[in-house]
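Novice: Sequence:
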Amino acid sequence: MTTWLLLAAAILAEVTATLSLRGALDLPALYVVVVVGYVLTFALLAQVLRRGMGLGVAYGLWGAIGVVLTAGASAVLFGESLGALKISGILLIAAGVAVVELGSQRARRAEAADAGAGERPHGGPGPVPVAAADTAETPAEEWLAGATSYGSRGEVELLRELEVHAIPGGSEDEREDERERAEAR
1 MTTWLLLAAA
11 ILAEVTATLS
21 LRGALDLPAL
31 YVVVVVGYVL
41 TFALLAQVLR
51 RGMGLGVAYG
61 LWGAIGVVLT
71 AGASAVLFGE
81 SLGALKISGI
91 LLIAAGVAVV
101 ELGSQRARRA
111 EAADAGAGER
121 PHGGPGPVPV
131 AAADTAETPA
141 EEWLAGATSY
151 GSRGEVELLR
161 ELEVHAIPGG
171 SEDEREDERE
181 RAEAR
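Everything in the sequence shown is counted per the numbering used here, starting at 1 for the first residue and increasing by one.
Treat the hints with care, as some may be off.
What follows is a list of derived Cβ distance ranges for each label pair [what the hints assert, rightly or not]:
1. R181 with A115: 28 to 38 Å
2. T2 with A107: 40 to 50 Å
3. L82 with A115: 41 to 51 Å
4. S81 with T3: 34 to 44 Å
5. A95 with T3: 17 to 27 Å
6. V32 with A115: 17 to 27 Å
7. L27 with T2: 32 to 42 Å
For the record, the hints were derived by calculation from the structure and aren't laboratory data. Source: prediction; values computed, not measured. Note that beta-carbon positions come from the ideal geometry of N, C-alpha and C, so glycine has one too.
Let the hints inform the model, and build the full structure from the sequences given.
Specialist: Below, the structure written as structure tokens:
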């Protein structure tokens, strides 16, 4: 939810900056709004990407919604015309973004299906499973692999940090030592 709010804020900042660019032709003080708006736009867009939204989806929505809002607002604020051809183009842009988003959702579903049984349901990775005696991959590693498909890089790094420090035998060397001791028994 926060990611979508950040994206909405980035779109509004970009539309404000773009409209201010047109307004600055008559009122040069608006160039400050232009600069601040675009800096804020890219900072917010970077946060959206950092939180895991795909670049094609984020940029597509940002650009398309920005075009639609800017065209509508410029018609109201600056008296620019909105002819049938211009409206058709705006509708095509919106349809294109919808297709990109649908394709992105389909790709995520396909990745989840390909991951198979090791993947956790979309509710999250769930608790770390109990270790099985004869598995090649430890359950914690399997859990972490499932968790990586749900979060951003920062969340994955945090999960690895928790795994190393919170789970007994958290480091790879300690887990290997534990496996060797178990086999010796």
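Novice: All the hints need checking, so say for each whether the structure fits it.
Specialist: Results for each hint:
Checked against the given bound of 28 to 38 Å, the beta carbons of R181 and A115, roughly 32 Å apart, stay inside it. With their beta carbons about 23 Å apart, T2 and A107 fall outside the hinted range of 40 to 50 Å. L82 and A115 have their C-beta atoms about 46 Å apart, which keeps the hinted 41 to 51 Å range intact. At about 36 Å, the beta-carbon gap between S81 and T3 stays in the expected band of 34 to 44 Å.
Range check, A95 to T3: Cβ separation about 23 Å, and the 17 to 27 Å hint holds. At about 49 Å, the CB distance of V32 to A115 disagrees with the hint of 17 to 27 Å. Between L27 and T2 the C-beta distance comes to about 35 Å, which sits within the given range of 32 to 42 Å.
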